[in-house]
Every structure is written in C-alpha cells, then in structure tokens.
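S.K.: Residue-level listing of the chains:
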Amino acid sequence: MPFQTLKRDTAKELCLEWVMQVKNYKLNLDKNRCVGCQICNLACPKEAISIEKQPKTFGEKTRKAKVDVDIAKCNFCGICDISCPYGAISVTVDGKHLLSVLDKESFPQLIRDVKADASKFPVDPDKSENVCPLNLIKAQYSTPEGKLVEDPRSLSRSELNALRMKVEVDKEHCPCCGICEAKLPQGAMHVRRMFSGKLAIKRENCPEGCTDCLDVCPITGALYLSDSDKKVHENEMFCVYCGACKIVCPVDNALDFKRTRIHHTTVRSGAWNKALERLTSPTDMTKELKAKRSLRARESVKKRMGLKEEQHV
Amino acid sequence: MSKKPKKGTAKEKTKPRQKKTGPKAEGPRIGVFVCQCGSNIASIIDVGALTKYAQTLPNVVHAENLSYPCSRQGQEDIVAAIKNNKLDRVVVAGCSPRLYEPTFQSCVSRAELNPWLFEMANIREFTSYCNQTAPEEANEKAKDTVRMAVAKARLLEPLKPIELPITKKVMVIGGGIAGINAALDLADMGFKVYMVEKSETIGGVMALLDKTFPTLDCSICIEGPKMVDVGRHPNIEIISYADVLKVEGYVGNFNVKIRKNPRYVTAANCTGCGECRDACPIEYPNYADMYLGARKAISIPFGQAVPLTHTINRDYCIECYKCVDACGAREAINFDQKPEEIDVNVGAIVVTVGYSMYDPKDLTWTGYGKFSNVFTAMEFERLILAAGPTGGKVIRASDAQKPHSVAFMQCVGSRDINKYEYCSGFCCMYTLKHSVMLKEKYRDAIDVYVFYNDMRSNFKGYEEFFNRAQKSGVKFIRVKLENRKITEDPQTKNLTVCAETEDGKPVSVHAEMVVLANAAIQAPGTAELAKILNIPLDKDGFFIECQPKIRPTDTEVSGIFLAGACQGLKDIPYSVAQGSAAAAQAASVLGKNTWTVEPLVARVNEDLCSGCRVCESACGYHAIKVEKAGDKAVAKVTEGLCRGCGICSSACPMDAVTMPNYSDCQIVAQIQAVMKKGSRKT
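If you read the protein sequences in the order shown, they are chains A and B. Residue 284 in this note's numbering sits at position 284 of the first sequence, with consecutive numbering throughout. Throughout, this note's numbering is defined as the position within the second sequence, counted from one, plus 1000.
Calculated from the structure, these hints are not laboratory results. Values in this document were obtained by computation on a predicted structure and should not be read as measured data. Just to be clear, a hint being listed does not mean it is correct.
[As the list claims (entries may be wrong)] Which residues of chain A face chain B? A few of them, derived with a C-beta cut under 7 Å, are: (1) Gln21; (2) Lys23; (3) Pro45.
[As the list claims (entries may be wrong)] According to the in silico footprint, chain A covers these stretches of chain B (three or more CB under 8 Å from chain A): (4) 1275 to 1282; (5) 1291 to 1302; (6) 1311 to 1321.
Glycine included, each C-beta is placed from N, C-alpha and C at the ideal position.
Isolated chain B (complex conformation) (with noise of 0.2 Å):
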C-alpha cells in the first residue's frame, strides 16, 4: 500500500533486479534499504548511487533508498517490500545498530521474517559522520560496508530468541532512604523484597541527622514512619548487620550469598525493652553518635532503629551475663550466635549502599582533631539533636560552654584536585540549615559566620532558604579555597579563621567553634560489592550507571538498578525519587513472566568439546562453564550470564564454541568481500 511514493525508484530497481533474479533464483533473496537520514547521510554519501551499486550485489533482488527507513512510514516500506519482493533477508545501511537494531527487528517479524535474517551496515556513524572531509572516500567506504554487510546477510540463519524465567522477588542492598523508598514501592506492588543492611539498623544517614532543609522538618520524623513501614510491611525482609558475599546468576535468576552477622541476640525472642541494655556495665563510643558520647555494649544505636533487636559488641563485652539474667524468660540472648549464610534468589537488585563522610584529620590547615572546638558536620548535627549525646546542647568540647560565634568552612576536601576534585552536593544546604538554626535558637547572642566559595543553592526552595538565612543575619564571608588556615588560642581554645577574598584580601574572624563541610565519600565497602555485582566504579568511587541523561538508574548488568548517593552525592528528596525510579526499573522486570534474551549467545559443539577449561577462564562473566555430561566433561553456556562477546569462541582450541550469526564463515565472507574491494581502485 505505501508503494506510491517510491514508484520512482521501484522502477528504477526492478529492471536490474529482474536481470538478477533469473540466474540466482536458487540463493537467499536480500533487499537492501539505504536510508538517506534526512541530511545526515545524503549531504556525503549519494544515496542514489549506494544504491544502484546494492542491486548490482548477488542475491540482492531489491534496494531502495528512504528518507527515515526508522520512521514509521519508512517501516511500513520495508513490510511491504518484503512481502512484494519475498525478501528472506534484509540489510538496512543506516546508523548505529544499537539505536535502531530493534526497531527493524520487529519490522522484519511484522513482515513475518525471522528477525535475526535482518543486518545492518553503519553507514552514518562509520562513514558520513566520520568522513565528511573526504566524500569521495566517504562514498567508496559505504560501499564496502554495504558489500560486507549483504555478505554476512547471506549467510544469516534464522534463530529463536531465548526465554528465561524471573523469579518474582528483588533485593535492595543498603537501607538508607532511598533503599527504603525503593523497597516500599516495591513490597506495595506486591513483589517479595529482602532489604540487606550492614549496619544493625536501617536508615542511614537521614536517621542521625536533625532537621532537614529548607523545610526544617525534623529527620526521623520523617523517615521514622517510614523505617517501621518496612518492619511491618508483609512483603519486606529485613536482613541486617549482613554482608552481601556473592552475586551469581543473571537478571530474573539471581542467587545472592549473603553472611548474617552474630548479634547474640535471637531476633524474634528480642522484644527491644532496653532490659538488657540497663543491665550492662560496658560502654563504647557510639557511631551513631559520631562518638561524641558513648552505647553499652549490648544496645540498639538509637532510639528509632529498626529493628528493635538490642546487639552485644564482643569486642566490649566482658562476658559478666548480666544481660542474660535481665531477658530472664526470654531467652532472646545467645553468647554462642555464629556467623550465618544464606542463599537468596532474586529477580532483579537495587543498589542503595549511600555514601560516607571524609574524615579531614589529614587537612592540616583545619586543625581537625588537634584543635577540640573543630567539628565536622555531622559531629554538629549529633550536637545540636536533642536526642544526641548533648541534649541539643550545642557545647564546645575543650569548656562543655555555649559558643558565642561559630564559624562554618565549606568545601573541606571536596573541590580540591589533591582529595575530591567534585561536589559534594548538599554541604552548602545544610551549613545554611545549621547557621539558619543556630541563629534562629540562639538570636543576637550568637555570631555566625559562613566561609564559602560558592553557594550552591540551585534547587525547589533552596535560593529562598538561602535568602532566609542571610536575613536571619548569618555573616557570608566568600573567600578562596586556597590559603585557609584555622589557629587556635592554648589558653582559650578560641580559634581563628584567616582566609583569602576573591580579589586576594586576607580576612580573618575569631570564633569558638568552629564546623567544617567535609567531604562526602563512597560508603566503605563500595568497592568490594562493585566487585560482587560487577558494576564498575568511576574516579570518584561511586557506581557508574548505564547512561548518565536517560538511564540514571540502570546499570551494565541487567537487573541490577542504582538508587541514592551510591551513584553520586544527592540529597534527601532527589534520593527518595531515585528509589522509587529504580524500583519502577525492577518492576518493570519483575512484571514480566519470562525475560527474553537475544539468541546470540555462545553455542558450544559437544562433540568437538575437550572439555579443557580455556573457554571458562577467557569469559569475563563466568558464563561457560565445564560440567559433567555423561561420561565426557563438556563446556555449558548459562545464556542468561553470555554477553555474546565471543571470547570463548575464539579461545577455543577445538572450535567447538560458536557465535550465532558471527559464525567464522560469516565474519570470513565479510572479511572477503571487503577486500574483493569491488570498484574501488587500489
């Protein structure tokens, strides 16, 4: 029906293609459609000519050229081609088959055709991009991709697309608020989630923060709700103070070794009462309350965690049982507690691992743990909590006194090539959370002051904060970042800030206390789990995701997604929406009762097979394997693991191991049909 338009052309074509058919009425029929790409490829290369040159190829039967082969026009043309010429195999010389493979793919099977006798020739990328300078050669080189491809197109056979089965649950590792967000959206679906934590509690950072910006909502407040949802929700697993050992398996079929950790404390006889907790004689520095104050040894790290089972640090423990006697009847405390492994199996995983905090004692010029009133960010937001060690008491550490000037320094690490080159994100928000707070506490008898750089205030509401803050009568000095440098009186334990103006002006303000925005940093583990799950990292340490603009939360392995600050630092809210987007990701697996893979994967010839291990040890995804087979030891392949890179193949000393459509006798046809060279001179 869409015949019409291309009647010019058709005529054209079918005279030659009439001489053609006679004599190799017997071999495959291929037509070849060369898309002219609006200017892209029709400015360099004569797309007319390509033409003419394609039906003069054997066992080409038809060759048109379209103007968007893609578009849907373009397709319906092929369809129709297809079914008027009884085309068996198709070349579309166009762009890259990555972005447009699929697409003709399926407009092959609407022509009922096998999709996999469908090739492509890159002529936009490979020669009208690259080659703009030189048209002539330009237009040789899209010939020879055009030969080459209807080379290989007649040695295409037809194949089935593999389908595998999905285990309808997901893993979030990490439960801070965007694996939290990630898991609820998932549980509410209705899909089975395991959420592994390595600490004893989820909630990471958000739950030891005190408010958050601009809203100045109190933290747990709101993610409390949250953590308990997932404690109760009946499709959520919550398997904490766990490490994730061993990834295997591919999307839809992953097995996932995980090691719970000995709390000595059985969870299910643990009523979280706090007995136990009175009871104990030990005390330790609390993490959760960036050890500015102290847990016993068998506690829960803050009030709000979940869940509520009480945990004994045998590195403090003295082993008195003074616990023991205090659970009394409910036995919930076992010394003899070992490590425990288990097996879980998930269709898809969701990486939420967060991130850590930079510790600047290495920053000489901060004074950081040489000079008692100089806190880190997070110190000060355990400080001014009033449920921290303090009361809400914002005290210096050398006289337990109120200050009476603080001053903030930001980009402590971050923004500088010789520790963090990036961004930390969110420091500028939350120094302006801080001073907004202090000031507003603490009104005229307190000075704030905030050195920065730059403000970064470039989301919903922040500017406004940002307003509100200097009005609350904040004191914003902007100086370098080089040449900081913080000095401390012996005798007060007051300090001195001195730094540069941007015009090189030496400032300098007396303050006593003093809050430095460290750098926010890959959590510690990231780099063993990348290894685990096969995720590279970037220079910075965090997960790099498939595509940075459309795939944000896809990773190179499929079923595996991105949340939260694992893949770049992010605040809460942008968090929140990146847990959810992934878990839409995982759904959108999970949703589907089987999970098609492409059949070019690795096929492996059982009789030729010496079963000699080369192939196990070349493959990158641990893919092919050796097994038993009857009496003889032969290479599998797991399909849903073979990437189809054809290494196996090629290190196979038997070639035993082939690639589907990449068969030697189809890359040796394309080899000798680019160096047949056809028209070209040389």
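Chain A with its partners taken away, still in its complex shape (with noise of 0.2 Å):
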C-alpha cells in the first residue's frame, strides 16, 4: 500500500492523515470547539495552518474565522494540540494521544491551573454547572450512602443539603477564563491564567454599531455591549487572550491586543522560542529567556560552590 495523505474536511470536523503501513499520524480539528482564534497558526512552526475570516451577511451574527490546515506543511508534529486553549485539535499517533514533543521537551506543557473543591460548591445544579461559558463543569450528587441521585432538582431543601458533590472540570478543553471562580462561592474554584496579556477596546475607533468581536468571543462576559454608548466594552477578568476578537475585528486600530505571558513547564527548546516569540512578541520572549538564564546561572552556581539550599539559606 502506498504512503497515502488524506484530508477531510466536513461541516463537524477537519481530518488530516498520514497513513503509512505501520505508523498512523492523525489530526483532528473539532469544528464546535475551534473559535477561529489566532493560537494555532502562531504557534505550528511550518506555518500550516491558515486562518479565513469568514464574509459577513447582513442581518446575521458575524461567523468565526475558520481554521485550515495544509497538509502538504503539516508534519503532525502536535503543537497545535499543546497550544489550542480550547482543546479543539488532536493529534494522535496510531490512535494514541502521546505527543513526542512533550515527550523529548521540544515543546512544553501548557499550564491549566484549575482546581475544584466540591465542598464548597453550592448544591444546586443550576448555580454550579452553568456557570462556565463552555460547559466544562459536571456535578456528580450522590446520597450519603453513596447512591447516585440523577435528577437533584426533584429533591426537597433538607435533602439537598444532605447530598455529597463531586465536581469534574473538562480541563482538556478549559481555556482558563475564571469565570467560574468569580460567580461561584469563594473557594469553590481556583483558576490559574494560562495565557496573559492585554486588551483594551479603543471604542472611538469602533465602525459604528459594529459588535462582530462580541459576536465570535466564546467567554460570556468577557466582551459586553454596554447600554450607554451601544458600543463594545472589555472585562479583562475574564479574557482568555485566545485573539479570536482581534481576527475578526474590520478595522486596524480598534483593538489594542497582545499576550504577554504563558504558562508553561520549563523546556529548553527553539521551537518554544519561536512559538513564544509569535505568540507574544520579541520582547517578551527576550523577557523569559533572561529569566530562564538568570535561573540557570544561579543552579550552575550553587553547583560549582557546592552549597546546599539549606546552607545557602
């Protein structure tokens, strides 16, 4: 059989194959999942990945930009994968999600801090699974025997109280908005940024009535159209730094965007470097190298004194 390429493109997912008699590379873009933000192609280092801003009809929401990949670039190396903030590309090898790069430290590990503490999660399903613009939060009730309660709705107030929680967050596919840790009981969520940067709206640049960033963003409540002025505000709380606004915003200077910071395992890797110099800008990855070096001169030099962290102290 010959080595065969493959691509399918369908209105649910796009599908990139590498079929070879002993080896299968697979990359799955999940269509529902993809927000047409920037990520993916700043971060795949053969520049495979397009991003298509979509054309606007009148009278209808502006459309998310849609992701392509070229297969002829792709090389299934699964950055992308590592890199998407919503867990909306998979990368396998025959079948199996383990990612070489992370793997040998080409590229790091993105950083989803998030942790639940079913405690002091409100009992009620309404007030503890909606919060999350995606959904990514499952409640498990369960009766203090240990029996699964299915519908908790139909229980009275007392019962309720008596039920034990446990919580399960998606966080394959949690881009780390904090939402959830801001309308839930404090405590109940912690959540950690994966990416940091900043966004500022600069309204008076703003075609007039023009709302396709709000439009497209996936975090509920990280853009709102104000009342007052009919025009588009930021809440930074909230935003993911995903970019998904900023590809389709029609005009240059509207909107003021960047990402400064990644949360990430330590790697020594130029692919990294690179990811990172796109990802953010020049600066800023300058910024991390220096302090990556600073931390190296300080190990190199504890180990040529000897010293011990104890002495040291």
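Hints are included, so try docking the two chains, each in its own frame, into the full complex.
M.R.: Okay, here's the thing in structure tokens:
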C-alpha cells in the first residue's frame, strides 16, 4: 500500500491523516470547539495553519474565522494540539494521544491551573454547572449512602443539603477564563490564567454599530455591549487572550491586543522560543529567556560552590 | 619486398606512370590503391578498369589494385609502393573511412608519410553495396568517387596530432552497485575517484533489497562491505547528498560543478552515534522503507548507510534544537549550513545513475492506491526484510494479519505499449525470489500464485531457480496481459484477481494480498543529467551507448562511460560486470599521459576574425568562444571539445574559420572534379 495523505473537511471536523503501513498520524480539528482564534496559526512551526475570515451576511451574527491546515506542510508534530486553549485540535499517533514533542521536551505543556473544591460548591446544580460558558463543569450528586442521584432538582431543600457532591472539570478543553472562580462561592474554584496579556478596545475607532468581536468571543462576559454608548466594552478579568476578536475586527486600530506571558512547564527548546516569540512578542520572549538564563546561572553557581539549599539560606 | 605478387599489375602501371611523371614531376605524387575487398567490391566494380582509370588522373604516379589492402600483406604493399615510387599522397579506394581510416593512417606513417596526407574513397558502401542492380552506373560512380578523392588529395596538407594533458582523476556519478564497483576498481588501480551521490547514502536500490536471486544471499550483507570499502578507500572521496550542476571540458579535462546540499550536520564531526535521532521528536515517511514506515527528522535512511552522517530534513524539522543538546561537545549540528558549490577536475566520468520504479496508481485495473492490500514489489521487499518497518513480518495493510494467499502480478506497466513498451528484465526473477521465500518460510500455510505471461529466466542459474519455485508449490498461471483486473471485497479487504488464459478462458483467484511487478523506469533527474553531459537518451529514457554490441559502456562523448541500469535495465551481476567494464574503459583514458586528438579541428585566422560571435552560437559543443586577445576580441577554439563538424566555418561571415583538410579550396576542388564528369556521358 503506498503512503497516503488524506484530508477530510466536514461541517463538524477537519481531519488530516498520514497513512503508512506501520504508522498512522492523525490530526483532528473539532469545529464545534474551535473558535477561530490565532493561537494554532501562530504556534505552528511549519506555518501549515491558516485562518480565514468568513464573509459577513447582512443581518446575521459574524461567524468565527475558519481554520485550515495545509497537509503538504503539516508534520503532525502536535504543537497546535498542545497550544489550543480550547482543546479543539487532537493529534494522535496510531490512535494514541501521546505527543513526542512533549515527551522529548521539545515543547512545553501549557499549564491549566484549575482546581475545584467540591465541598464549597453550591448544591444547586443550576448554580454550579451553568456558570461555565463552555459547559465544562460537571457535578455529580450522591446520597450519604453512596447512591447516585440522577435528578437533584426533584429533591427537597433538606434532602439536597445532605447530598454529597463530586465535581469534574473537563480541563483538557478549558481556556482558564476564571468565570467560575468569580461566580461560584469563594474557594470553590481556583483558576490561574494560561495566557496573560492586554486587551483594550479603543471605542473611538470602532465602526458604528459593529459587534463583530462580541459575536465571536466564546467567553460570555469577557466582552459586553454597553447600554450607554451601544458599543462593545471589554472585561479583562475574564479574557483568555485567544485573539478570536482580533481576527474578525474589521479595522486595524480598534483592538489593542497582545499576549505577554504564557503559563507553561520549563523546557529548553528552540521550537518553543519561536512559538513564544510569535504568540507574545520578541520582547516578551527575551524576558522569558533572561529569566531562564538567570535561573540557570544561579543553578550553576550553586553547583560549583557545592552549596546546598539550606546552606545558602 | 612484397612487390613480387603484384608484378603483373605493376608492369601495366609502370608504363602510364612513366608517361605522367615526366611532365608532372613538379606536383604532388599520388598513389591510388583500389581494394577488391574479396567480392564485396570486385563483384560489381571492375577493379582493373578503375585502377587503369586512376592512372589517367593528373598527379597519380602509381595505381594498383589489391585484394585486401587492410590486411597485413596489403599494408606492406602500400608501404613498399610509397617508398619505391616516392609517393607523397595516398588514396585508398575501398570501404568507409569510419572503419579503416585509422588503419591506413598508421600504415602510411610507417612509410614516413604524414598520416593526414592520406585520403579514402568509399567505393564499397557508396557504390558496390548500394548499386548492385546497376553495375554500369556503379562503375561510373566509383570513377567519380576516386576522381574526387584524388582532387582533394592533391591539396592535402600535413598536420600534426594534438596532444592534450590528462587529469588522472575520475568521477563516478551514482553510488549504486554499478558505481561502487567502478569506483573500487578505479581506486585500486591508483586513480583518485570522486563518487557523487544524489541521496544521503550510497548503495542504490540493492541496499534496500532483502535477498538476491537466484542464490537468496542477503543483499545488504554482500553490498554493505563494499559500501564500507568505498567509504574507507584512501583514493575514493564520496560526495553524497549532492547534485551535478554542470560539466564542462573534454576527455582528460572535465570540469564538473557540484552542489553539495546542506545536511545541517558537519560530516567531519558526526560520529553516527544516533543520539540526536533519539532526542528528535519528529518523524516523517521514510523513502528507504518505501514509505511503509517513518524516520526521524534527523536520521540516516537505514542502518548500513555510508557515509554514516545524519541528515536533518528541514521540511519536517521544528527546530527545537534537542539534537544540538544531544550532540553536545561533538558540535556536529549546524543549522546555518548553506548549499555549497564545488568544482572538481577529472579526466573521465562514469555515469551509473541507475533506475527507479513506476508508480502504478494510474493503472486503475490494479487497484493500487485504492485497495490497501495491493503492494508493489519494492514495498513487498521492505515488508519481508527483517530490518524493515514490520520486522520481516509479511502482513496486510488493512488488518496487520499474515495473508493466507498471495498473488503476484507480472508486467504491470512494462510490456505495455500504452505505458512502457520494454521488458523490465528482472521482474520475473524477483517474483520467483519472493514466491520461493514465502513458500519456504510459511510452507503450506500460504498459497502463492504467479500471474505471468512469459517467464524470463534466461541467465546462469535462473531457469533452475524457476524449477525450484515450481517444486516448492508456487502455482504459475499463464495469462494474457490484456483484461486483467483486481477487485476488492470492501468488508474483508480480500482481493480477487481476474485474468484470461492464453486460449481466452477466464481465470480468477482469491488472494489476501497482491504484489505487483511494476515497471522499472529511468531514475529521476536522468533527463537533466543527460543534458548536462550532452549524452542522448533513448525513447525509453535510458542513456544511449556508443554502439550496442561492441561498445556498450562508451558514449558519444569521449571520456564519459556508462554502467548499470541507466544504460538499460539489468540485474545485479550484470550491473557489477558493467561497472568494472566502464572502470576499465575509464582507466584506458586515465592510464595515458596525453590524449591524442585528430588535428581536424577548426582554425581561426585572427586577422580576419571580427569577434562577431556567430560561430559561438552555431557551435553545438561549446568549442568556440570569443575571447579578448590584446586589443581585439577573437574566436578561440578549445581543441578538446571541437568535433570538426565545420558548422562554425560555414557560419563565419568573414571566412575566418577554416577546417584543416576540409578547406574551401579542397571542397571546391572535389566539386569541380565531380562536375567534370570525365568519361561519364551526360
């Protein structure tokens, strides 16, 4: 059987495949989860991913940009998979989701620092599950005897209070917006941002009545339409800095947007440095390198002087 | 001393000669020797009459006919006649100068006559052979031919042969088994050999094979040591991962421009340890495994690669520099490497660029590319190879299970006038090899069918191997090449092979795997190389040799030789033999101190030349170029390149270029001689 490259593009998913007799590489883009942001396009080391703004139809909401992967350039490294804040891309080798770039530390794992404390969750399912704009929080209720309760809404208040709760967060698909942390009782959720940055809407430059950015933003509350000036305002507290808004913005100077830091595991890799430079800026990349360098210098000084951590302190 | 047998004829001639010598003592003294060539000439041409006629021509002081002037006796007669008659021009009327001119030139030089004072009149191919039904006219034509030759001979001038220096180095282009043998032979003879290889490693197709027929020797086990010998030989320099860009010059003095493509690994520092490969996270399909498996973005194509230098494929590399860390203090990895162009001077070139395989995807009846269990022979080769991607397990692509029945289909693309008309030559034998290996490995657990049209097993030990295959239980089904079809059951992915027997009866066999013997074709880049080397390709895309029977390794370009499958498809023993043959041919050039070129090359009269460059564009061999000479630009001839075709001479508007012994006055003299018609009526 000859080597084959396959590409299938449906309304639901985009699927790329390398078929070798003894190896199979697959890239799957879940179009429901994809928000048409910039991340994969910027992270891809082979410039294989393109983002195309969709034409606007009058009277309809702006559609998110379309992501396409060029199979001639893609090498199935999985960097897009790792970088996607929404977990929309999945790269598998022989059906297994084991990425060699992570294994060999050629690319860092982006850290989704999301922790749930079920004991502090409200027992009301409407208040616990529905806070997530992407529906990633699932709560499970069981009686003190350990019996699973299918429909807690049918129970009385006192019965509810006696229930035990288990909370599961689908971290793989979580962009770490932090809405849950803000809306749930204190301590129920702990979320640390994956991306940090800056988003400011210069409303004086916004075209009259334009809500394109708001239409595509997947995080309810990160952008909102103000009743006073009928313009879109930002709430940086919840922004995940994916850049979906920046892609669709019809003017150049309305969105002041940049990423400055990415929360990730430490690696020493040229591929990461380049991705970081594109995702943030050369300055921010240099900052990280400098920090890393000083860390290394400290380590080596420690090693040379034969100092142990305690002695140093 | 050899005058005795010719006394009779000599007597006849002496009289007219004496008549002529008197008044024409001042001019050149021409001797004409008419050849009978057994009955080849004498049966049509009245040789005696022609000799008598020659005696009547001006300046001819001696004429005789000989039965075979080219024989030893005949040559001695000519030498004696030259000495006795003080001849200073010799005309032999006989066969084509292409065959015997060098013989007669050396003959006249033995009589201390300049070899270019010799002229040949072709009365065999031009008259006796082609005018057999009209002997009378043939005789007249023979007289015309002789008259023209004498007219030209009268104006011949003595020339000196041109001696060119020879660079005692040789280049072998292509590092397959033919090239390896040529290189080793030449290096052992003491010549410096540059082996230029396009891919990362030498070894060619043979390095990718599992076993070789008919002995079932392990292919890489017998080629591997030779590859290592090439790598280690002090006289051989391997220039791998490189392309030949330009070849200039001529025999003994070729200048080859080569582009070394960047491996991004410094060969001198790379130890081949493979630590970088282990650190690399990226994989891509491996061509050496026929893309059945993958290799790392920094790797070698297979374990026995020579040179054992890793290569980074930048098409797939993500530049994480993990390899740089792994390489550490060896510092072999260099991402800044650029393509490097080098010039190499060699005296001879051996071309052994081999072949490649036709992709049968466009033959839809085969289902190749559509049905997952249809393989090509090379893919099967990598499947059954123990070091291959499946570890030697013959498994199906659809379910990774061992097939219980395998059908081999012969002549896919070859012997097909719509694809490749020729027979690929070795497919029958490798199919026998595959079928015997399957049958001897799995015995009764597997059914093997071979759909063939003709079984071509015509060399040493091959027919016996065919018998071995038959005895081992392989079922041979002779079918027509038309109306073959392979279909697939979409559920089980099993295949059905349908064909027609020679007497038109349909035959079909269910098989769990089908292996196609696809046509072997020219190697990629052969056409470009042919242009660079100025060697023509035949209609099938293989290099044309100088003469298919007696000069199979020579080309039209002196100093460039062919070996292996690039000249025509052949199996390993014949490629090896041809490699050594081409090496011997190249050594016959390199062994000389100088290369002698006939002085029949263009001459430029610099006073007349205006430097207009008309000759430059007319010349097909890049042999004449306008260069600055003092305050004036004039045409200069590179003697080694000039073939003496005369195009520049006729193109020159200033009449500045002349061809020695084909000068205007000589050609005009010939035309005048033929127009005179002499004794001819009309």
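S.K.: None of the hints should be skipped; say for each whether it holds.
M.R.: Results for each hint:
1. Gln21: holds (4 Å)
2. Lys23: At 5 Å from the nearest chain B Cβ, A/Lys23 passes the 7 Å test, so the hint holds.
3. Pro45: holds (4 Å)
4. 1275 to 1282: holds (count 4)
5. 1291 to 1302: holds (count 5)
6. 1311 to 1321: holds (count 6)
Taken one by one, the earlier hints all hold for this structure without exception.
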